[in-house]
Amino acid sequence: MKETRMVRGLMVLVLLVFAVSAHAGEVYKLGFSGAITGPTSDAGNPLSKGIEDWFKYVNDTKMLGDDKIECTIRDDQYKTDVTKRNFEEYLDEGIVFYLNYSTGSTLGLKMDFEEEMMPTVPSSYHEGNLVNSNYIFIPVATYSENMVALAEYVTKNHKGGTPKVALFIHPSAFGRGPVDDTKKAVAAGLDMDIVEVVEHGKDLDNSAMLKRLMSKGVQYVICHTVQSPVATMLKDAMRLNVNAKSFGEEGKLTFLGAHYTGGADLIALAGDAAEGFLWTCSYNLTTEDNEKSKKQLELAKKYGRDDKAANSHNYAAGILQAQIPTEAILRAKKAGLEVNPENLTKMLNDMANGFDSFATVGPVTYSKDDHVGVDVVNIYKADGGVFKAINSIESEYMKKLRAGM
Amino acid sequence: MVYFFQIVVSGIVVGSIYALAALGLVLVYKSSRVANFAHGQIIAAGAFITYFLTVDLGVPIFFSFLASMVITFFLAMSVERIFLRRLIGEPIISVIMVTIGLASIIDGLIYLTPFGTENFSFPAFLPTTPLTIAGVSISWTQLVGVIITFILIGGFSWFFKKSTVGISMRAVSDDQFGSMSVGISVPRVFGLAWATAGLSAAAAGCIIGNITGLNFDTLHAFGIVVFPVVILGGLDSIMGAVVAGIIMGLIQQFATGYLDGNWGLNGTGDVAPYIVLLIILLFKPHGLFGIHEIERV
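First to last, the protein sequences are chains V and G.
Add 56 to a position in the first sequence, counting from 1, and you land on the number used in our numbering.
Add 2 to a position in the second sequence, counting from 1, and you land on the number used in our numbering.
Don't take each hint at face value.
Straight-line Cα separation of at most 20 Å, SDA-like style, residue types lysine to any residue; simulated pairs [claimed, not checked]: (1) V:135 to G:103; (2) V:258 to G:269; (3) V:135 to G:107.
Listed below are several chain G residues computed to face chain V (Cβ distance under 7 Å; list not exhaustive) [stated by the list, open to error]: (4) 5; (5) 8; (6) 178; (7) 180; (8) 185; (9) 214; (10) 223; (11) 255.
Hints listed in this document are in silico derivations from the structure and should not be mistaken for laboratory results.
None of the values given here were measured: they were computed from a predicted structure.
Glycine residues also receive a C-beta, built at the ideal position from the N, C-alpha and C atoms.
If we strip away everything but chain V, and leave its shape as in the complex, we get (with noise of 0.2 Å):
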């Protein structure tokens, strides 16, 4: 009698245990490696912190039911060579969403990604991302459709004549690439003169470099690097009182950058000389004080983060690129499909019908033939110590040029 009440005593145990362990639900492995420290680390580290908190919010709000997504997150120092190891952990781990950072190590790894049919969502815009890629989802307009957008938007509000571009950039794969693109937006009749390219060294003086453009007539410098170069040139362009004043004042020069080269920390480092400066972003900015900025600051007060990360657009595309993978494991879910990288794939090259992201200025769709997510750029201007939008544009040359006109 004792013996059979023992027997069913246990039985109702292994009962439980496993009835309690179905009603956990799944736990979906991401991983996602990037500069948390090292070069370009005040983009990554708020970045990292964006992806954090919305994965937190996630499990936390059971936007999966009982289903959770674990995403760990490595820091790489901005060197490949790390960044490949953690992928290699991450595939050893069984993830079934990756998330990468910079231009160099996504460029390294798209044929890691290709062979191992691992969606990727890297935190690099660059273009060549997606040449002979079938994994790379890019989450919002690329450098080359910011850099060739406001070339659009400088000759389409230039006032007599061609106007006479230099383009500041980068030296690096990273800063080159949308230089190519650029010109050929020119070459399939952007009406646009490309006086000069200037590759930037690590200069405490651009007198000389500011007073050889102005010499062959330059009106307008458009940049695509980071920010640090970009206000040690614009405080000497305020020196040598060379900077508009107004979009394309004549014989002075209008300065105007694509996404890493704005934002908040321009501002801090360039102070008054960044005024009048004009930054291309997809991500919505809190300065703006809209319903999505709420919602941003609103996640950021939730997990903690100080007023620097929470109003940086860097904590917004850290946000994004979560919440790229966030809905395609809902749609996965929602047509009854394994949580599988190759359904995740088949989820993003079914998303024509996109989300809309509080992070991001417009809607975040792909399709098969097109892994672009955000297509449209706002214009910031900076004016009184913040940046305010004042335009917004998708880049009509980047869409002809992908067309192969």
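Chain G: place on chain V using the hints.
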């Protein structure tokens, strides 16, 4: 002509700052024959200490600047005491490897703070309107940077030539065993060399940070950027660092002003100083002011 003179002024400004940043390398080499690969990290640390004192503790920037030089003086002295003192008498390559390790350790420590990953800038404390004479302009930041550079370099030159401690440091540089035999404390001299290098690095960090903004990667890169200056001037010559710094600054600015953008050339401002460096070293392998040692066996 304004264009030409603007480039001359910019070249002198950039060159002077290079000279100041190079000074710390020269000071350490002059006494211990060691190339310090952690110099850039000390430059960055000096700039961040000044920022922290000014912005977070509200200390007036002039006193923060002085305090950061004092702090890095003792910081560098401690580094020498803890990590390098025990390597006296060991092969130079071992000491150089330790400085590379030190650079990694300081990197790691700075990455633990917000300074490792965020951008900052010093609050404006100088007039923003530049000084302009006959169309040639120089910002107050640059002018003050140049003045501080020449004060420090003048001070160190006097120190090494006239003061007893400075002469004993030169003696240690020439012959460690000979110096010990006349009662000079070699460990003390090494400590002092590192300390003075730390002091000059802090000054360089503040001046560079005031121009470029405070970004760790940008700041610590200057520890490497100024190596050609030290090699051109002669590894153990303060005057060499000044002359080579200004030569490098002028070549860089003239190449940027007159070569870049013409005949398909680009980035010559970064390359030209190295080409000139190689040519000069072909004729003067010890640099412009370096000591040519003759060993007789």
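For each hint, the structure was consulted:
1. V:135 to G:103: Given that 20 Å is the threshold and the Cα spacing comes to 18 Å, the pair holds.
2. V:258 to G:269: Since the Cα atoms of residue 258 (chain V) and residue 269 (chain G) sit roughly 11 Å apart, the hinted pair holds (cutoff 20 Å).
3. V:135 to G:107: Judged against 20 Å, a Cα distance of about 18 Å means the pair holds.
4. 5: holds, 5 Å
5. 8: holds, 5 Å
6. 178: Cβ of residue 178 (chain G) sits 36 Å from chain V, so the hint is violated.
7. 180: violated, 41 Å
8. 185: violated, 44 Å
9. 214: holds, 5 Å
10. 223: Since the shortest Cβ distance to chain V is 6 Å, the answer is holds.
11. 255: Holds - the Cβ of residue 255 (chain G) comes within 7 Å of chain V, reaching about 5 Å at its closest.
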